[in-house]
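K.L.:
Next come the chains, spelled out residue by residue.
4 protein chains.
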Amino acid sequence: MIFASDNWAGASDRIVAALAEEARRIAPAYGGDPLTAAVQDRFCEIFECEVAVFLVGTGTAANALGLSAYCRPGGVVFAHSQAHILVDEANALEFLGGGAKVVGIDGEGGKLTPSALSGAIARHPRAFVLHGQPVAVSLSEITELGQAYTPAEVSAVSAVAKEHGLALHMDGARFAGAVACLGLSPADITWRAGVDVLSFGGTKNGCLAAEAVVFFNPADAHDFPFARQRIGHGFSKARFIAAQFAAYFEDDHWLELARRANAHAARLAAAIHNSRDARLALGPAANEMFAIFRTSLDARLKAAGAVYHPWSPEGLPAAARPGADEVLVRLVTSFQTTDDEVERFAAVLTAV
Amino acid sequence: MIFASDNWAGASDRIVAALAEEARRIAPAYGGDPLTAAVQDRFCEIFECEVAVFLVGTGTAANALGLSAYCRPGGVVFAHSQAHILVDEANALEFLGGGAKVVGIDGEGGKLTPSALSGAIARHPRAFVLHGQPVAVSLSEITELGQAYTPAEVSAVSAVAKEHGLALHMDGARFAGAVACLGLSPADITWRAGVDVLSFGGTKNGCLAAEAVVFFNPADAHDFPFARQRIGHGFSKARFIAAQFAAYFEDDHWLELARRANAHAARLAAAIHNSRDARLALGPAANEMFAIFRTSLDARLKAAGAVYHPWSPEGLPAAARPGADEVLVRLVTSFQTTDDEVERFAAVLTAV
Amino acid sequence: MIFASDNWAGASDRIVAALAEEARRIAPAYGGDPLTAAVQDRFCEIFECEVAVFLVGTGTAANALGLSAYCRPGGVVFAHSQAHILVDEANALEFLGGGAKVVGIDGEGGKLTPSALSGAIARHPRAFVLHGQPVAVSLSEITELGQAYTPAEVSAVSAVAKEHGLALHMDGARFAGAVACLGLSPADITWRAGVDVLSFGGTKNGCLAAEAVVFFNPADAHDFPFARQRIGHGFSKARFIAAQFAAYFEDDHWLELARRANAHAARLAAAIHNSRDARLALGPAANEMFAIFRTSLDARLKAAGAVYHPWSPEGLPAAARPGADEVLVRLVTSFQTTDDEVERFAAVLTAV
Amino acid sequence: MIFASDNWAGASDRIVAALAEEARRIAPAYGGDPLTAAVQDRFCEIFECEVAVFLVGTGTAANALGLSAYCRPGGVVFAHSQAHILVDEANALEFLGGGAKVVGIDGEGGKLTPSALSGAIARHPRAFVLHGQPVAVSLSEITELGQAYTPAEVSAVSAVAKEHGLALHMDGARFAGAVACLGLSPADITWRAGVDVLSFGGTKNGCLAAEAVVFFNPADAHDFPFARQRIGHGFSKARFIAAQFAAYFEDDHWLELARRANAHAARLAAAIHNSRDARLALGPAANEMFAIFRTSLDARLKAAGAVYHPWSPEGLPAAARPGADEVLVRLVTSFQTTDDEVERFAAVLTAV
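Chains as they are written, first to last, in our numbering: chain A, 79 to 430; chain B, 79 to 430; chain C, 79 to 430; chain D, 79 to 430.
Check the hints yourself; a few may be wrong.
The list treats identical chains as one, so a pair stands whether inside a single copy or across any two.
As the list claims (entries may be wrong) - Below, in silico cross-link-like pairs of lysine to any residue (SDA-like), each with a Cα-Cα straight-line distance of 25 Å or less: (1) Lys380 with Ala341; (2) Lys380 with Leu333; (3) Lys240 with Ala297; (4) Lys380 with Val405; (5) Lys380 with Arg103; (6) Lys240 with Asp301; (7) Lys380 with Ala344; (8) Lys380 with Phe206; (9) Lys380 with Ala105; (10) Lys380 with Pro106; (11) Lys380 with Ala107; (12) Lys240 with His300.
Keep in mind that the hints were calculated from the coordinates and are not lab data. Quick caveat: nothing in here was measured; it's all calculated off a predicted structure.
Isolated chain A, as found in the complex (with noise of 0.2 Å):
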């Protein structure tokens, strides 16, 4: 009953198989390989566009090189408050984007919304120098707070962004689950609702280690392997990546796994839905949601042995802020999730 963090998992048989088989062969290093050109290919497929993709060991690898090939002098990037960049990178992008500034903008769900957007970056008048320059929007999909933009909503923070000569930038560390939930093509939600680069996560989603950078105007990534190599994210085996992506991609496996956590996801709230002793606070559009239990719940799932976080309030709904003997934590779901784990953890739930 570890619900802790899709961090947690480990890796699908499928793709570990993959890992195995290419462990055998020999091929040029440095992505040179005919499998890194292949999966290459896979990208574009999978975008229906032509993307010039980069492999990467880890998400924040790849939000802060993605980022960084927009960043300028005195780059300024606008970002939610809550976003993984801002809080949870240890300053990567402000490091990689040359001392870039990142500047948060509260709004539900973790989402930004036009008319903060627009207010944040009215206060960076291009002309005023000391403010520095502003260079990039982030949005995260699914968010940090576990909910899921609509390509319409995506297009709103786009409009602003373009207006304004920004390039948008999309965390997709759970892109899968996006997607999933969604039902949509990546494309839909991608590039065609005006993302210009993607963090396309793996990890968290049955891989080991595998992150791409895929941008849709393949001229952005010019730089794109100078900057990768110089932080040692061009990995010398970098098929190694690429034969997890491979493996990923064959027979629609990232989606399954997808929908896998979002089910076991859709459960456990249906099961907070029905306690006596729980709330939702946020429900989940993926695979994470927060939920409120009185603290003799919480004591009682520790003691049948489940995992997870306690939360803080920060960002979340009103409504959101537990009571007295109340606790508020964080649920999250993942493709190695089990049936009975949830049903155990249901069945404490709504024991009356």
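Once you have looked at the hints, place chains B, C and D on chain A.
P.N.:
Chains B, C and D in isolation, oriented as in the chain A frame:
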């Protein structure tokens, strides 16, 4: 018959099996898992002292992060003119070291000598701010030209470094090969000879992507977790690097793999020695050598399917200059090289 | 009638005369001259303790270099939401601090309060690498909203900083104004109240370009000469900054200049108080205030030749929100402001 | 008799007078004043074309900022082994250029030759990411060894740079001296010869602290205002740098000052030529020369009060190696050097 680079090799079966086993588990993220802790202990045993160990994904990250722990504003690092950190890491140290400068020093076989090092440091007197401040010396064991420093040679370099208050870094991308060919303990060629920080490589010798930064003075590592995270080398599923190292060390698998690669290299060198159409420019200490082939031999080898890189004579002995109808090449073996490959290559070399 | 900014002022005659005198001399470069040494001694006297002093050309350089002495990888600096280092220095600290992040904290009058600071630090627990590592707190004396911290207020902030092992930086762009208005010794409002490093400004108060970074723990300045040189603030003719400070300090010229500016501000504030068409939004502690003007008054003042900036109510008290036919403005006096200017401005303000 | 460095000189009376006049004025900050605009126009006239000009405080800032406009991730800059940017700027370019690497190239008199430059660039093929990406070439006019490139020589270097798509930077710390000694227009030795960006120095030739970065393709300067501000070289009272340049250019004062320094140098060189105890190692094109003195002469000169620096023979012609009882010295004159100083020095040199 692929002797292009040990970066072209795949991964050892035992290491892949370890990954597969770990993939089925669920465990805390970002290195908070028991396997990572166990591997850290294992490094202490192998080096016979308390060390601070950090796992990263690539050798470039290991080198630049390890050295950057000693970099300060205007920092100057001294290394061999052929050092990987100077010519082959896309300025990783210059970037991660906050604008560090690497001063290249010539020396036979890719080795720094105490006198050349002293001379270079002397040109950067402490009080002369404009020249920057010396902070560290870096040497490679095995060198980029395939040679092994003896502990006495490392100690002599270290003595100069210490005299000037400089840290000593060792790039051990092929550290296993060095331990195997020298027949000495890891401690003897590192901290007992004055090394402060080691980039311990696994990738070239049977891992998929596993490198470690080993600090012999754990206090030097104070900022390392932050420095690693901000370039995205703090992996969320760090235990998959740990799993590779666990298998790498079990039953001295790492030394077995290195001995295999070294033995193949020795056989290749012998065949070159016996060839009328080839001569060694610089023989192997471990798994890398440089040879001069007649162009006719070069053509025959390629026709037979051999793959290897032509090389530049820079840094090699004067005798290594190829003549009019000759070509200088580099040959590298790996744990994955087969007896059959070596025999077939030798047959072409010595055919009359 | 120019009340736009003290950055618009020229330079004091005495300071210009000192430059002219020094210009006829020949002396060692890069601060190796006797005048620079004498000025360093003078700083020790003024602060009644041994300090390490470094001259630089601008306040942005002073702030970012001074703070960067305490920055470490993933470093987090806490400052007021309106702090110059956060909003008006084009990411200098983010860049020079190796990717530092500045966390903005709200507080009345531009002041940090101990409780708000504690709360912000608590959200960055040491062991949680992803959030970065807190390294320093910065406050501005005079604040960006024109207010003066008392020594007790500085001490209270310092106590929180020290509790968490953080350095305390003071942005003293208007330090002379603070000393003049508080009537306290420079030592009392800096190191005796827990300040570790001070940006000591001269430019806004009669110098042409003269700023100093003052370290109260000289050992903290170990790398400063290199950090300063590598951004080109180690001037070859550094003695021309020293000459400005020498004249600035002679006969307490610096305090005389500041008192003049402050006195002008007090008279302006009194006139606003007496005006039917204006009210103070936030009065001056030193030479800066915020006022709300009826638009009709605003038009009359401009017609009379007055120059000042409209301002945003962000960070100002709720009472500072201008109404429908009102405008919020900032007024700044300087040593160069004349009695005549103030009188003419006051006359328009109080005309019926 | 001070021939240590032109950095030891003071400032010209006319320039100081201009500062004094400007100090009495009040005007917009951060370069928004009419004098700064007028000086920018003046640069266009002097260079006979539309240029983008930015004033900064030091030559190190000018060089590193000017070049960093062309730096990209993994950027490699080619310069002479003795170049100020490589050995005397405390890694400013490495830092401001985002981890740029400077590759040193040998050449007589401190000059780059097309063939040596071609060779160095060839070792950094575009497709080989590990070696970084070539971005710019930098040459110094006057060179660090006191020599002047002819326009033909600059053009030859430029042709190689352009062939590889690299920007050409000129370090003109002693640009006035070059214009004076070559007798050519500023345009002829810069953009007409292929220079893209020039560090235009005033400080060594009569200013207190006045340097400019001149872009001959104004579009290249897009990010410059931000890059300058974030290292604190966007001065709040920028008009005090403008005032220096205004006076510097008036009545060709800058060339008059440079001719004076050059003439003194020529007289010193003639005296050395006539001395039995001295010989020129490398004569002056402008105001700097290298000489070999008998130690007895060296002692006599010092006893008479002469000040100059001993020098290292690195980079100088083989004939510049001092013998057993000889010393190699550098002599630099300035606008402030007097006839009397030169005559007294010459008298000691030629005394029998």
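K.L.:
Which numbered hints turn out to be false for this structure?
P.N.:
Of the numbered hints given earlier, the structure breaks just one, which is hint 2.
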